[in-house]
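Got chain A sorted already, so can you dock chain B onto it with the hints?
Here the protein sequences line up with chains A and B, keeping their order. Here this note's numbering is used: position 287 in the first sequence is 287, and no number is missing along the way. Here this note's numbering is used: position 419 in the second sequence is 419, and no number is missing along the way.
Be a bit skeptical, because a hint or two may be false.
Computed cross-link-like contacts, DSSO-like style, restricted to lysine-lysine with a CA-CA straight-line distance of at most 27 angstroms [said to hold, decoys possible]:
hint: 1; chain 1: B; residue 1: Lys-222; chain 2: A; residue 2: Lys-478
hint: 2; chain 1: A; residue 1: Lys-35; chain 2: B; residue 2: Lys-288
hint: 3; chain 1: A; residue 1: Lys-171; chain 2: B; residue 2: Lys-403
hint: 4; chain 1: B; residue 1: Lys-142; chain 2: A; residue 2: Lys-35
hint: 5; chain 1: B; residue 1: Lys-495; chain 2: A; residue 2: Lys-479
hint: 6; chain 1: B; residue 1: Lys-146; chain 2: B; residue 2: Lys-253
hint: 7; chain 1: B; residue 1: Lys-146; chain 2: A; residue 2: Lys-359
hint: 8; chain 1: A; residue 1: Lys-243; chain 2: A; residue 2: Lys-51
hint: 9; chain 1: A; residue 1: Lys-359; chain 2: B; residue 2: Lys-141
hint: 10; chain 1: B; residue 1: Lys-287; chain 2: A; residue 2: Lys-35
hint: 11; chain 1: A; residue 1: Lys-479; chain 2: B; residue 2: Lys-222
hint: 12; chain 1: B; residue 1: Lys-481; chain 2: B; residue 2: Lys-469
hint: 13; chain 1: A; residue 1: Lys-283; chain 2: A; residue 2: Lys-458
hint: 14; chain 1: B; residue 1: Lys-495; chain 2: A; residue 2: Lys-172
hint: 15; chain 1: B; residue 1: Lys-366; chain 2: A; residue 2: Lys-479
hint: 16; chain 1: B; residue 1: Lys-115; chain 2: B; residue 2: Lys-127
hint: 17; chain 1: B; residue 1: Lys-481; chain 2: B; residue 2: Lys-303
hint: 18; chain 1: B; residue 1: Lys-115; chain 2: A; residue 2: Lys-359
hint: 19; chain 1: B; residue 1: Lys-127; chain 2: B; residue 2: Lys-253
hint: 20; chain 1: B; residue 1: Lys-366; chain 2: A; residue 2: Lys-359
Since the hints were made in silico from the structure, they are not lab data. Being a predicted model, the structure only gives us computed values, none of them experimental.
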Amino acid sequence: MNRRARKVLICIFSVLLLGYFPPGMGNCQDDELLKNPREMTFPPLSFNPPKAERSVLSNGMVVYLLENPELPLIRVSALIRTGSVFDPPGLSGLAEMTARVLRNGGTLFQTPQTINQTLEMMGAQVEFSMEMEWGSASLFARKQDFPRVLSIFADLLINPGFDPPQVDLAKKAALEAIRRSNDNPEEIAYREFRRVLYRGNPRGEVPTLESIEQIQRGDLIAFYRKFFQPNNIFLGISGDFKKKEMIESLEKALSGWSRALVELPFIPLPSPQEGKSIYYASKDLPQSTILLGHLSLPLGHPDYFPFQVLNFILGGGGFNSRLTQEIRSNQGLAYAVGSFYRGRVGYGVFGTFCQTKSKSTHRVISLLYEIIEGMKKNPPGSEALDWAKNALINQFIFSFTSSAEVAQQQMKLEYDGLPDDYLEKYQERVSAVTLEDLGRAARDHLHPEKSILMVVGKGEDFDRPLSSFGAVQQIELKKYP
Amino acid sequence: MKRRFRPWGILLVGLLFFIPQDLFSFSLEDRVKEYTLQNGMKVLMLERHQSPTLSLHIRFRVGAVDENLGRTGTAHLLEHMLFKGTQTLGTKNYVEEEKILNRIDSVVMAIDTEKAKGEKADKDFLKYLEETLKNLRAEHKKYVVKDEIEFIYSQNGAMGFNAMTSQDTTTYVINLPSNRLELWARVESDRMLNPVLRDFYSERDVVMEERRRSIDSKPDRKLVENFLAVSFIAHPYGRPIIGWPSDIPNLEKRATEEFFRTFYSPANTVLTLVGDLQPEETLSVVKKYFERIPKQILPPPLKTREPEQEGERRIQVVDESNPQLIIGFHKPNPPHEDDAVCEIIEGILSSGRTSRLYRRLVEEEKTAVAVSASNGYPGERYPNLFVLFATPRHPHTAEELEKALLEELDRLKLEVVGEEELQKIKNQIQTDFLRRLDSNSRLAFWLSYGQSLFGDWRYILERMKSYDKVTVEDVRRVARKYFTPRNRTVATLVKSTESP
Numbered sequence: 001m002n003r004r005a006r007k008v009l010i011c012i013f014s015v016l017l018l019g020y021f022p023p024g025m026g027n028c029q030d031d032e033l034l035k036n037p038r039e040m041t042f043p044p045l046s047f048n049p050p051k052a053e054r055s056v057l058s059n060g061m062v063v064y065l066l067e068n069p070e071l072p073l074i075r076v077s078a079l080i081r082t083g084s085v086f087d088p089p090g091l092s093g094l095a096e097m098t099a100r101v102l103r104n105g106g107t108l109f110q111t112p113q114t115i116n117q118t119l120e121m122m123g124a125q126v127e128f129s130m131e132m133e134w135g136s137a138s139l140f141a142r143k144q145d146f147p148r149v150l151s152i153f154a155d156l157l158i159n160p161g162f163d164p165p166q167v168d169l170a171k172k173a174a175l176e177a178i179r180r181s182n183d184n185p186e187e188i189a190y191r192e193f194r195r196v197l198y199r200g201n202p203r204g205e206v207p208t209l210e211s212i213e214q215i216q217r218g219d220l221i222a223f224y225r226k227f228f229q230p231n232n233i234f235l236g237i238s239g240d241f242k243k244k245e246m247i248e249s250l251e252k253a254l255s256g257w258s259r260a261l262v263e264l265p266f267i268p269l270p271s272p273q274e275g276k277s278i279y280y281a282s283k284d285l286p287q288s289t290i291l292l293g294h295l296s297l298p299l300g301h302p303d304y305f306p307f308q309v310l311n312f313i314l315g316g317g318g319f320n321s322r323l324t325q326e327i328r329s330n331q332g333l334a335y336a337v338g339s340f341y342r343g344r345v346g347y348g349v350f351g352t353f354c355q356t357k358s359k360s361t362h363r364v365i366s367l368l369y370e371i372i373e374g375m376k377k378n379p380p381g382s383e384a385l386d387w388a389k390n391a392l393i394n395q396f397i398f399s400f401t402s403s404a405e406v407a408q409q410q411m412k413l414e415y416d417g418l419p420d421d422y423l424e425k426y427q428e429r430v431s432a433v434t435l436e437d438l439g440r441a442a443r444d445h446l447h448p449e450k451s452i453l454m455v456v457g458k459g460e461d462f463d464r465p466l467s468s469f470g471a472v473q474q475i476e477l478k479k480y481p
Numbered sequence: 001m002k003r004r005f006r007p008w009g010i011l012l013v014g015l016l017f018f019i020p021q022d023l024f025s026f027s028l029e030d031r032v033k034e035y036t037l038q039n040g041m042k043v044l045m046l047e048r049h050q051s052p053t054l055s056l057h058i059r060f061r062v063g064a065v066d067e068n069l070g071r072t073g074t075a076h077l078l079e080h081m082l083f084k085g086t087q088t089l090g091t092k093n094y095v096e097e098e099k100i101l102n103r104i105d106s107v108v109m110a111i112d113t114e115k116a117k118g119e120k121a122d123k124d125f126l127k128y129l130e131e132t133l134k135n136l137r138a139e140h141k142k143y144v145v146k147d148e149i150e151f152i153y154s155q156n157g158a159m160g161f162n163a164m165t166s167q168d169t170t171t172y173v174i175n176l177p178s179n180r181l182e183l184w185a186r187v188e189s190d191r192m193l194n195p196v197l198r199d200f201y202s203e204r205d206v207v208m209e210e211r212r213r214s215i216d217s218k219p220d221r222k223l224v225e226n227f228l229a230v231s232f233i234a235h236p237y238g239r240p241i242i243g244w245p246s247d248i249p250n251l252e253k254r255a256t257e258e259f260f261r262t263f264y265s266p267a268n269t270v271l272t273l274v275g276d277l278q279p280e281e282t283l284s285v286v287k288k289y290f291e292r293i294p295k296q297i298l299p300p301p302l303k304t305r306e307p308e309q310e311g312e313r314r315i316q317v318v319d320e321s322n323p324q325l326i327i328g329f330h331k332p333n334p335p336h337e338d339d340a341v342c343e344i345i346e347g348i349l350s351s352g353r354t355s356r357l358y359r360r361l362v363e364e365e366k367t368a369v370a371v372s373a374s375n376g377y378p379g380e381r382y383p384n385l386f387v388l389f390a391t392p393r394h395p396h397t398a399e400e401l402e403k404a405l406l407e408e409l410d411r412l413k414l415e416v417v418g419e420e421e422l423q424k425i426k427n428q429i430q431t432d433f434l435r436r437l438d439s440n441s442r443l444a445f446w447l448s449y450g451q452s453l454f455g456d457w458r459y460i461l462e463r464m465k466s467y468d469k470v471t472v473e474d475v476r477r478v479a480r481k482y483f484t485p486r487n488r489t490v491a492t493l494v495k496s497t498e499s500p
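Bound-form chain A, shown alone (with noise of 0.2 angstroms):
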């Protein structure tokens, strides 16, 4: 058991930034209501966030305890180290449809019309889901059904029994979504821009009819036995509880699942691109979706907090960020612009994001290209440094609002591989950012000359073609009958 017995204390900043903009000259200014907000203090505020504890069952599931007794409820969510990325060549969707089944598809000893019915009685909750990274599960009860839901969720996980006709659902509800699949323009983008991002990786692979098809039941039982071991499982459990007597709960409904060896196949990461890519889908559609971007910097990289402030000036951080501002206050050429970035284990994501109606779409890009290239060329001084980094102090308060989310928080570090010190140490990690590190995160990492421009619209009503940015590669997507 980690004990830490070091509390934190959070100091919230009491921020004020004279002179980034010269106050207002109105004619009320005498009136003490309406005093200029940037000269305003407020008393410092002191907090002592809540931290679960770890501890380690015998089979060698990590769990986060977390006691919150305000409302008679338990929330358990769970983390498995598995992910579509592990989807076998030729089968991509296994890995999803496997969470789905899993919890669909009954047990050895209940049927999954039981289970549903035993749960809904309830108003319980149990829930499996696949992301690119990791799997997860969920839980939710009242107190007094917990004992029982546990149960539930326990034989889930220990003795799945991947119902045929589950399995076949499954699979239809699959085939179906691909049907749909260019239907939205936003999941069409994402979509492709996300396999030429993470080409010749398996990272790229999205799902098809033919691999679907390809399914079979033993496949999803296999990808199960393979990933879905105690010792490969976190567990962040919050709510009404005493941490004791869950501990000796969660050894009661896993006894008999003991630890296995698990070999992770080896996935190699995905590597950066040379050049510059376009590629442009053609649907007849009034706006168009606009993706730029590129692989960035993985967790734990030393220029990882100045990137994330860069990112919050230049496209992150709302209606201040540069993108914003230039794009959607000042030009109206767009609801939904700015950029994002996703630090993950071994790389990570940039973008920049923008829809605008089709006959300005040649314009925003270029905005886009420009606005990004300013970052390197005037990179942002103290002002917005100062701005971005107060922002992301103060706001850090709220990663405590919620005793599941803190759980869940600390159990997504161990499974990230960063120090346990991470959320401790976040401010001040923040607040050491200099305007010399954002000048070098802005010229080492920002890659416009080397980004995928990835845009779904309708060509034929752009203000200029896309050809006048280099050469276009057209994706077709498919029709089906």
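Same frame as chain A, now just chain B:
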């Protein structure tokens, strides 16, 4: 993406549920502190010290339903405009700025008048006007501090600074560290007293992009828009919240300001504060800033009521996308007792994997990939709809699903629902209510919703009790009364066969 509204708002109902008193100590009755300011503004406060944060919701009882024909989209555009600042926020010198804003308005009006002449418009004059406008805008820019409210809030650690416009209400939401209460009071009272709708004309363009994104590029949303438009022939619930595409670019600034003055009145306002607060101190801050807003008379309520439907209505939307089906029936809104019965029917039909529609259409017949029922569309201030949505699985058709859905509605009319099935829905409703109580923002949402729509936040508890009273006989009676062919509207999304 900011200021999302829910164009076909997944119902605001279906989430509020009653908790039997013996279940736990978290009794809302005892914990919600209620106060009415001298100007009629309602204040609701709920202490929760889980973290040093506050969730702050300001809800105005005004929405798309209050718009006039030709001005659809006003409530939503106004919501966007209230983020543009005040006489002291967003400007370097309002006295000077105002002069330019007035000139811009005059020039834009002249341009609109000239353009309205169509072929006969004086092109040289137009060119001159547009040149003038360009210069004025450049001049205006010198005085503007862009998005200053958001700048101030964000550096103070705001989360989820946003607003939502629905048919019934408009809500401005923010979460702040709890020591920032006064900052919120300062900014929000100013937004209510001295808003300046600067950059009005470019924001119309932003909203047009929002419309293209949320409706014009999404066949399923187009279907909903069309479905509502034929379901309501008299009542404004048939109009899209975001506005018709021909209205949005023509919305006028003066009329929008007038809409603000008419409806954003203290008597129409609920301030809801949930989180790390001390009610007395909090109230004194709230009073100091908000009580000075002058009292105001509200316009008379809308008299239009949807006439009884005289026969089935049936429409299609033809698009490049795969089929979908919507079936709707008119019904009363709360607090009518039949509304609670419809809520239970929603659960029987589509709540969870044991629900009737999921079992039959998704699991057994495999004709659908998704199917759901929703009570209370598209709002709750006026009589509304009970709606079924279904997504067929190829090669099955919307027609097949329609037949099956109507059979399931007939079953409700003929057979009596099992007591156990009814109890299951009531249990789900209660547990769901509990599940949604451990978040400041959800609490603020529901308290303000009850207060704003029904005049008393306790209504969310009353409503839970009314669900609990529903009997199997009620279900049969209500199904027979409303799920009739005459009262039915059917909309289908049909895949276009010819290539575009």
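Hint check results:
1. Distance check on the hinted pair: Lys-222 (chain B) and Lys-478 (chain A) sit about 23 angstroms apart at the alpha-carbon level, within 27 angstroms; holds.
2. At roughly 13 angstroms between alpha-carbon atoms, Lys-35 (chain A) and Lys-288 (chain B) fall within 27 angstroms of each other, so this suggested pair holds.
3. With a C-alpha separation of about 25 angstroms, the suggested pairing of Lys-171 (chain A) with Lys-403 (chain B) holds against the 27 angstroms cut-off.
4. With a C-alpha separation of about 22 angstroms, the suggested pairing of Lys-142 (chain B) with Lys-35 (chain A) holds against the 27 angstroms cut-off.
5. About 12 angstroms separates the Cα atoms of Lys-495 (chain B) and Lys-479 (chain A), which keeps this hinted pair within 27 angstroms; it holds.
6. This hinted pair checks out: Lys-146 (chain B) and Lys-253 (chain B) have alpha carbons roughly 19 angstroms apart, not beyond 27 angstroms.
7. Between Lys-146 (chain B) and Lys-359 (chain A), the direct Cα distance comes to roughly 26 angstroms. Compliance with the 27 angstroms bound is thereby established for this hinted pair.
8. For a cut-off of 27 angstroms, the pair hint linking Lys-243 (chain A) to Lys-51 (chain A) stands: about 13 angstroms separates their Cα positions.
9. Between Lys-359 (chain A) and Lys-141 (chain B) the CA atoms are separated by roughly 25 angstroms; this keeps the pair inside 27 angstroms, and the hint holds.
10. Under the criterion of a C-alpha separation no larger than 27 angstroms, the hint pairing Lys-287 (chain B) with Lys-35 (chain A) is consistent with the structure, at around 17 angstroms.
11. At most 27 angstroms may separate the alpha-carbon atoms for a hinted pair to count; Lys-479 (chain A) and Lys-222 (chain B) meet this at roughly 21 angstroms.
12. Of the supplied pair hints, the one linking Lys-481 (chain B) and Lys-469 (chain B) holds, its CA atoms being roughly 19 angstroms apart against a limit of 27 angstroms.
13. Between Lys-283 (chain A) and Lys-458 (chain A), the direct Cα distance comes to roughly 5 angstroms. Compliance with the 27 angstroms bound is thereby established for this hinted pair.
14. For the given pair, Lys-495 (chain B) sits about 20 angstroms from Lys-172 (chain A) by alpha-carbon distance, which is consistent with the 27 angstroms threshold.
15. At roughly 23 angstroms between alpha-carbon atoms, Lys-366 (chain B) and Lys-479 (chain A) fall within 27 angstroms of each other, so this suggested pair holds.
16. With a C-alpha separation of about 11 angstroms, the suggested pairing of Lys-115 (chain B) with Lys-127 (chain B) holds against the 27 angstroms cut-off.
17. With a C-alpha separation of about 24 angstroms, the suggested pair Lys-481 (chain B) and Lys-303 (chain B) falls inside the 27 angstroms cut-off, and the hint holds.
18. With a C-alpha separation of about 21 angstroms, the suggested pair Lys-115 (chain B) and Lys-359 (chain A) falls inside the 27 angstroms cut-off, and the hint holds.
19. Under the criterion of a C-alpha separation no larger than 27 angstroms, the hint pairing Lys-127 (chain B) with Lys-253 (chain B) is consistent with the structure, at around 22 angstroms.
20. Distance check on the hinted pair: Lys-366 (chain B) and Lys-359 (chain A) sit about 43 angstroms apart at the alpha-carbon level, beyond 27 angstroms; violated.
Violated hint: 20 only; the structure is consistent with all others.
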